[in-house]
Structure formats: C-alpha cells, structure tokens
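Engineer: Build the full structure now, drawing on both the sequences and the hints.
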Amino acid sequence: MLCDDCKKNEATIHVTNIVNGKKTESHLCQDCANKKEHADMFKQLHQSFGQFPKFSNSGSFGQLGSSIFDNDFFNNDFFTNAVYPDGLLQDSHSQRCDQCGMTFDEFNRTGKFGCDHCYEVFDQEITPLVKRLQGSLAYEGRVPSRGTGVFKTRHQIKRLRQELNKAIKGEDYEKAITLRDQIKQLEDSLHKDAGAKTDESSAS
Amino acid sequence: MIDSILDQPLSQWQTEGTLDKEHIVLSSRIRLARNFKGIAFTNRDKEDALEKVDTMMRRVPSLLTKVDGKSYSDISLDKLSGIEREVLVEKHLVSPNLVEKVNHRSVIISDDGAVAIMVNEEDHIRIQSMAAGLNLTKAYERAVQIDDAIESTYDYAFSEKFGYLTACPTNVGTGMRASVMLHLPALAITGKLNRVVRSIIQLGYSVRGLYGEGSEGLGNIYQVSNQVTMGISEEDTIAQLNKIIEGLIKEEEKARQSIAREHSDAFEDRVWRAYGVLAHARKLSGAEALSLLSDVQLGIDMGILHMKSNAFFDKLVVITRPNFLSKYAGQDSMTADERDAYRAKVVRDALNIEQ
Chain A
0 MLCDDCKKNE ATIHVTNIVN GKKTESHLCQ DCANKKEHAD MFKQLHQSFG
50 QFPKFSNSGS FGQLGSSIFD NDFFNNDFFT NAVYPDGLLQ DSHSQRCDQC
100 GMTFDEFNRT GKFGCDHCYE VFDQEITPLV KRLQGSLAYE GRVPSRGTGV
150 FKTRHQIKRL RQELNKAIKG EDYEKAITLR DQIKQLEDSL HKDAGAKTDE
200 SSAS
Chain B
0 MIDSILDQPL SQWQTEGTLD KEHIVLSSRI RLARNFKGIA FTNRDKEDAL
50 EKVDTMMRRV PSLLTKVDGK SYSDISLDKL SGIEREVLVE KHLVSPNLVE
100 KVNHRSVIIS DDGAVAIMVN EEDHIRIQSM AAGLNLTKAY ERAVQIDDAI
150 ESTYDYAFSE KFGYLTACPT NVGTGMRASV MLHLPALAIT GKLNRVVRSI
200 IQLGYSVRGL YGEGSEGLGN IYQVSNQVTM GISEEDTIAQ LNKIIEGLIK
250 EEEKARQSIA REHSDAFEDR VWRAYGVLAH ARKLSGAEAL SLLSDVQLGI
300 DMGILHMKSN AFFDKLVVIT RPNFLSKYAG QDSMTADERD AYRAKVVRDA
350 LNIEQ
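Residue numbers (numbering that gives the first Met the number 0), protein chains in the order written: chain A, 0 to 203; chain B, 0 to 354.
You may find that some hints are simply not true.
Below, computed lysine-lysine pairings styled on DSSO-like, alpha-carbon distance capped at 30 Å [said to hold, decoys possible]:
(1) A/K34 to B/K249
(2) B/K137 to A/K174
(3) B/K242 to A/K34
(4) B/K137 to B/K314
(5) B/K160 to A/K191
(6) A/K130 to B/K242
(7) A/K165 to B/K51
(8) B/K314 to B/K100
(9) A/K168 to B/K242
(10) B/K249 to A/K35
(11) A/K174 to A/K191
(12) B/K137 to A/K151
(13) A/K151 to B/K78
(14) A/K157 to B/K249
(15) B/K137 to B/K45
(16) B/K160 to A/K34
(17) B/K282 to A/K34
(18) B/K160 to B/K191
(19) B/K160 to A/K183
(20) A/K157 to B/K242
(21) B/K51 to B/K65
(22) B/K282 to B/K253
(23) B/K51 to B/K78
(24) A/K6 to B/K191
(25) B/K160 to A/K130
(26) A/K157 to A/K191
(27) B/K191 to B/K100
(28) B/K314 to B/K249
(29) B/K137 to B/K253
(30) B/K36 to B/K100
(31) A/K183 to A/K157
(32) A/K165 to A/K151
(33) B/K253 to A/K35
Coverage of chain A stretches by chain B, computed from C-beta distances (three or more under 8 Å per stretch; other residues unrestricted) [claimed, not checked]:
(34) 108-114
(35) 123-134
Listing some non-contacts, in silico: residues in chain B with all C-beta distances to chain A over 12 Å [claimed, not checked]:
(36) A48
(37) G81
(38) D268
(39) S308
No lab work stands behind these hints, which were simulated from the structure alone.
Quantities reported herein were computed from a predicted structural model and do not represent experimental measurements.
Positions of the beta carbon are idealized from the N, C-alpha and C atoms, including for glycine.
Structural biologist: Take a look at the structure:
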C-alpha cells in the first residue's frame with residue numbers, strides 16, 4: 000500500500016481514528032507521519048501554550064477551565080437579570096478600578112489589566128488566577144531599591160538562608176559562618192527599624 | 000545611527016561576540032517587562048498616559064549614557080516609514096506588537112545594538128538585552144544595569160505580593176523572559192526534533208520559531224524561553240534555561256555525529272545541492288532561501304564547505320527577509336517577483352565574496 004499523503008513511499012504506519020462514532024483510516028510512510036506529527040504537535044503546543052496569553056481570541060478564560068470567570072450562567076443576560084434583578088452582580092463582576100476605570104469583565108475579555116492599581120482592586124480574583132497560570136504565588140526575584148526597604152531586607156534574609164542551607168549541606172562551614180553573620184546583621188537592622196517606628200508611634 | 004541600524008544586517012554585538020564554533024546557539028536575550036506606578040497601562044489607550052510615558056522615557060538615553068558610557072538613540076516610530084518599522088521587527092529589535100500603532104511608540108537602541116527598550120508596547124517599557132552565543136548572564140547583567148538606572152529616576156509598579164506588575168498576568172512577578180535562539184538542523188533532519196521539543200515543553204519552557212508562533216521550522220531556527228515568572232528568581236530561571244540549552248546542544252551534536260557516521264554521502268550531496276541552488280538560482284523565495292542556507296551552514300559546521308566569515312548565516316537570515324531586502328534595494332515597493340529575483344542576486348553575490 001502506498002502512503003496517502005505523498006503517494007510515493009510504502010505506507011508503514013496505519014492510524015485508525017474514531018471520532019463521534021465515525022471511523023477514519025490513514026496510511027502513511029515514515030516521512031509523512033513524522034511531518035504530520037510535527038505539525039500536530041505545534042498545533043497542540045499553540046493551543047496549550049501559544050494562544051494561552053492571548054485571551055482576546057478566546058473571549059474568556061474558557062480553556063483555562065475557571066469556574067469563576069467562565070460561567071455561562073453569568074454570561075446569560077436573561078438569567079443574570081432574573082437572578083440578580085437589583086444589579087447585585089455588579090458588586091462582584093462589574094466593580095471598577097478607581098484609577099483606570101477597568102472592570103473585571105473587561106479584563107476577562109482582553110486578558111490584560113488596566114493599571115497597577117487593578118492588582119489591588121481585583122486581588123481576590125487575581126490571586127487564584129496567577130496561582131493557576133504560574134503555579135506559584137510566592138514572589139522570588141528582584142526588588143526595586145526605593146520605597147520598599149523592609150521588604151527588600153526580608154527578601155535578602157530569605158535568600159541568604161537558602162544559601163546558608165546549601166553551604167551547610169556542602170559542608171562549607173567557613174562560608175556558612177559568614178552567611179550566618181550577614182543574616183544576623185540584617186535581622187538586627189530590621190529589629191532596629193521596627194523599634195524606631197514603635198518608638199515614634201508611642202511618642203506621638 | 001538609525002541608518003546603520005536599518006541598513007546593516009547585523010549589529011555590532013553580533014559581529015564582535017564570540018560565536019561558538021559549531022554555530023548551534025545564535026544568540027541569547029533577556030526581556031524585562033516594567034510599568035510605572037500610577038499610570039494606566041498601554042491597553043487602556045489613554046492619550047495622557049501614553050504621552051506621559053513617552054515624555055518620561057525621553058530622559059532615559061542620557062541617563063543610561065551616564066551609567067555605562069555608551070550612546071543611546073531614541074527612535075519614534077511615527078518618524079519611520081512602514082518598511083523601516085518592519086525592518087526593526089525582522090531584526091528582532093522590536094516586537095510585531097509594537098509597530099501595530101505608532102503614536103507615542105518608540106524604541107531606545109544602544110549604539111552597539113545590544114539593548115533595545117520598547118516604549119508603550121503591552122507594558123510601559125520592555126527592556127531587551129542581547130548577547131551573542133549562549134550568554135544569558137551577560138545579557139541579564141546589562142538588563143539589570145539599565146533597570147536600576149531607570150528605577151533610580153522613576154517609580155515602578157511593584158507589589159510585595161505579586162512582584163513587578165504587568166498588563167498580562169503571564170508576565171507578573173519577575174517580568175523576565177529569557178530566551179535563546181538556536182539553529183537545530185541535524186535534529187530536524189534526523190527526525191528527533193519533535194521528541195526533544197516535547198520534553199522541553201514538559202519542563203514548562205516554550206519553543207517557538209524564528210519569528211514566534213507560526214514560523215516553526217523556518218531555517219531550522221528555534222527560540223527556547225521560560226514561561227513562568229512567579230516563584231522563581233531571575234538567576235534560577237537563567238540557570239535552569241542554561242541547563243536545558245546545554246542538553247539541547249548535546250542532542251544536536253549527537254545528531255550531527257550520527258549524520259556524519261551513517262549518511263555522510265547523502266548529506267554531502269544535500270549540502271552541495273543547496274549550495275548549487277543558492278549560487279545559481281535566479282529566483283528565491285524567503286522560505287526557500289532560509290531552508291537552503293540552513294543546509295549550507297550545517298555543511299560549513301561539519302567541514303564540508305568553507306566560508307570566509309563566521310557570521311555568514313546570521314547575516315543572510317536578516318538580508319533575505321522581505322522588508323530588509325526592499326530597504327537594501329533602496330525601493331519602497333517591490334512585487335514579490337521582483338523581491339525573489341533580487342533576493343537570489345544578493346545571495347549569489349554574498350556567496351561569491353565568501354568563497
């Protein structure tokens with residue numbers, strides 16, 4: 000039997016597909032099967048990853064399978080009006096960001112937030128979303144040097160502790176001692192900061 | 000400087016850098032997505048917000064020069080022709096997304112071409128830093144230097160909980176995308192690419208073609224990048240990606256060895272045929288040129304062909320792109336037929352110089 004696609008080589012791969020009770024058969028040579036697999040894989044890849052950040056195409060988070068954001072029940076005006084005649088739904092879904100005017104419905108359509116303040120206004124909705132998209136909610140990484148002094152120090156301590164554990168595991172005790180001292184110094188400075196603030200507040 | 004960016008196929012960083020001998024990794028790139036505090040994101044399309052970011056960024060070139068002594072130029076997209084904007088895309092200096100609109104959109108490019116900051120793309124700014132070969136750390140260090148310089152003047156949108164706040168939740172956290180561009184012809188020829196790509200995807204990294212989605216397989220050039228930006232630091236992301244790329248290089252090397260061992264006659268024939276077409280064809284489409292160039296480059300890497308310059312492939316990949324080609328020809332409008340003929344001529348000339 001010759002390959003269905005190129006009609007040149009002997010078909011060595013036979014695939015039977017049953018979709019909705021309908022049976023289709025294809026007979027391919029190794030080359031064409033590889034090509035097809037390659038094409039299919041990228042198609043899948045785009046469905047799972049590529050298209051993923053572009054919410055605009057899908058209209059909602061449909062494929063992400065969220066019950067909060069993608070619920071036909073809420074999208075149906077008739078039911079919405081019947082169940083929430085007083086526009087109660089607005090509280091949860093049509094709340095506006097007071098900085099940029101974005102609503103969560105709008106975010107749902109476009110997949111993009113309108114400004115930094117949206118992250119505070121929609122915190123409840125964003126938190127599970129980010130967890131699902133990113134698999135984690137524990138921020139690790141760079142911290143701007145201004146305005147977040149305490150946070151930055153806490154972050155540094157966390158990183159140094161990880162290094163300390165590594166050093167101990169690797170039996171690099173000299174390094175461990177230096178790291179321990181660094182951590183202590185940072186912790187002292189945190190306490191001093193906190194102490195200074197308490198002093199201020201008790202004085203006033 | 001803008002003229003040299005638009006007219007030269009390669010930037011200084013690409014010709015100066017240390018390309019690896021086998022020419023598997025073409026380049027490394029770091030992108031940091033940043034927004035400013037209290038200003039509506041680009042997608043809100045608010046004139047005052049767009050203008051504010053635009054104005055703020057006008058100060059940045061001189062700011063950066065103070066830090067690293069290099070010169071930076073500020074290029075407003077509305078001052079460029081349509082073809083010139085597309086050339087920036089073809090050279091990977093800006094994203095296709097940036098050139099969709101021109102008002103208050105700009106790009107700040109360093110004189111060596113290794114840094115390109117997009118202004119008013121999906122996020123207020125996207126700092127991009129490039130390095131030749133596999134050198135993510137070098138690219139990252141320069142990106143950080145720029146990030147620090149901008150942050151010393153303007154407040155970023157940052158939260159303790161989410162990290163750097165971005166328009167799209169897929170970037171929130173570090174806002175960093177680290178990516179490596181690779182030429183993987185032997186894996187493609189031996190049919191092992193699918194399996195390798197699948198295993199990379201399973202690790203949570205993405206694999207795209209030369210020009211992102213939909214350009215898979217073009218010239219056997221692939222970009223591998225991280226997907227996750229939360230819960231993992233920049234350094235750890237880079238370390239992980241480095242490991243993946245090193246594994247990928249080994250696989251490509253193995254595939255090359257197996258071609259040399261088992262199919263050397265057929266492969267030699269393939270390389271010389273590709274060379275023959277490139278050296279003599281009177282018409283070449285963009286995709287055909289890339290596919291043949293990929294064969295020829297693999298032939299060079301495997302010692303079958305010899306060329307004078309190391310960056311032959313990288314250069315022609317850019318020159319054969321439609322808009323760069325039109326710009327190169329000095330013509331604003333070329334029909335596809337004219338372009339194919341001109342492309343064939345440019346490639347023939349390039350091969351003559353190389354031999």
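Engineer: None of the hints should be skipped; say for each whether it holds.
Structural biologist: We went through each hint and held it up to the structure:
Annotation: proposed proximity of A/K34 to B/K249 holds, straight-line Cα distance about 23 Å (limit 30 Å). The hinted pair formed by B/K137 and A/K174 meets the criterion: a straight-line CA distance of about 26 Å does not exceed 30 Å. Distance check on the hinted pair: B/K242 and A/K34 sit about 28 Å apart at the alpha-carbon level, within 30 Å; holds. Distance check on the hinted pair: B/K137 and B/K314 sit about 22 Å apart at the alpha-carbon level, within 30 Å; holds.
In summary, the hint linking B/K160 to A/K191 is supported, as the alpha carbons are separated by about 24 Å, within the 30 Å threshold. A distance of roughly 25 Å separates the Cα atoms of A/K130 and B/K242; the hinted pair therefore holds under the 30 Å criterion. With a CA separation close to 46 Å, the supplied pair A/K165 and B/K51 exceeds the 30 Å bound. Proximity of B/K314 to B/K100 is assessed by CA-CA distance (about 28 Å); at most 30 Å being required, the pair is judged to hold.
Taking the CA atoms of A/K168 and B/K242, the gap is about 22 Å. The hint holds against a cut of 30 Å. Under the criterion of a C-alpha separation no larger than 30 Å, the hint pairing B/K249 with A/K35 is consistent with the structure, at around 26 Å. Only pairs whose Cα atoms come within 30 Å are accepted, and A/K174 paired with A/K191 is accepted, the gap being roughly 26 Å. At most 30 Å may separate the alpha-carbon atoms for a hinted pair to count; B/K137 and A/K151 meet this at roughly 24 Å.
Only pairs whose Cα atoms come within 30 Å are accepted, and A/K151 paired with B/K78 is rejected, the gap being roughly 41 Å. With a C-alpha separation of about 35 Å, the suggested pairing of A/K157 with B/K249 is violated against the 30 Å cut-off. With a C-alpha separation of about 36 Å, the suggested pair B/K137 and B/K45 falls outside the 30 Å cut-off, and the hint is violated. Between B/K160 and A/K34 the alpha-carbon distance is near 45 Å, which puts this suggested pair outside the 30 Å criterion.
A distance of roughly 26 Å separates the Cα atoms of B/K282 and A/K34; the hinted pair therefore holds under the 30 Å criterion. Only pairs whose Cα atoms come within 30 Å are accepted, and B/K160 paired with B/K191 is rejected, the gap being roughly 42 Å. Between the alpha carbons of B/K160 and A/K183 the distance comes to roughly 25 Å, so the proposed pair stays at or under 30 Å and holds. For the given pair, A/K157 sits about 25 Å from B/K242 by alpha-carbon distance, which is consistent with the 30 Å threshold.
A hinted pair counts as satisfied when its Cα atoms are at most 30 Å apart, and B/K51 with B/K65 qualifies at roughly 23 Å. With a C-alpha separation of about 35 Å, the suggested pairing of B/K282 with B/K253 is violated against the 30 Å cut-off. Straight-line distance between C-alpha atoms of B/K51 and B/K78 comes to about 19 Å, which keeps the hinted pair within the 30 Å bound. The suggested pairing of A/K6 with B/K191 holds, with an alpha-carbon distance near 24 Å, which does not exceed 30 Å.
Annotation: proposed proximity of B/K160 to A/K130 holds, straight-line Cα distance about 12 Å (limit 30 Å). Of the supplied pair hints, the one linking A/K157 and A/K191 holds, its CA atoms being roughly 18 Å apart against a limit of 30 Å. Taking the CA atoms of B/K191 and B/K100, the gap is near 40 Å; set against the 30 Å cutoff, the hint is violated. Only pairs whose Cα atoms come within 30 Å are accepted, and B/K314 paired with B/K249 is accepted, the gap being roughly 25 Å.
Taken as a hint, the B/K137 and B/K253 pair is honoured in the structure, with Cα atoms around 28 Å apart against an allowance of 30 Å. Pair hint B/K36 plus B/K100 holds up; C-alpha atoms about 23 Å apart against a cutoff of 30 Å. The straight-line distance between the Cα atoms of A/K183 and A/K157 is roughly 12 Å, inside the 30 Å bound, and the hint therefore holds. With a C-alpha separation of about 21 Å, the suggested pair A/K165 and A/K151 falls inside the 30 Å cut-off, and the hint holds.
Restraint check: the Cα-Cα separation between B/K253 and A/K35 comes to about 24 Å, which is no more than 30 Å; the hinted pair holds. Check on the region 108-114 of chain A: 6 of its residues sit with their Cβ under 8 Å from a Cβ of chain B, so the three-residue criterion for coverage holds. Restraint check on the region 123-134 of chain A versus chain B: 6 residues with Cβ-Cβ distances below 8 Å, three needed, restraint holds. Remark: the non-interface label on B/A48 conflicts with the geometry, its nearest Cβ contact in chain A lying 8 Å away (cut-off 12 Å).
The claim that B/G81 is not at the interface with chain A holds, since no C-beta of that chain comes within 12 Å of its own (minimum 24 Å). Against the 12 Å criterion, B/D268 stays outside the reach of chain A, whose nearest CB is about 17 Å from its own CB. Against the 12 Å criterion, B/S308 stays outside the reach of chain A, whose nearest CB is about 32 Å from its own CB.
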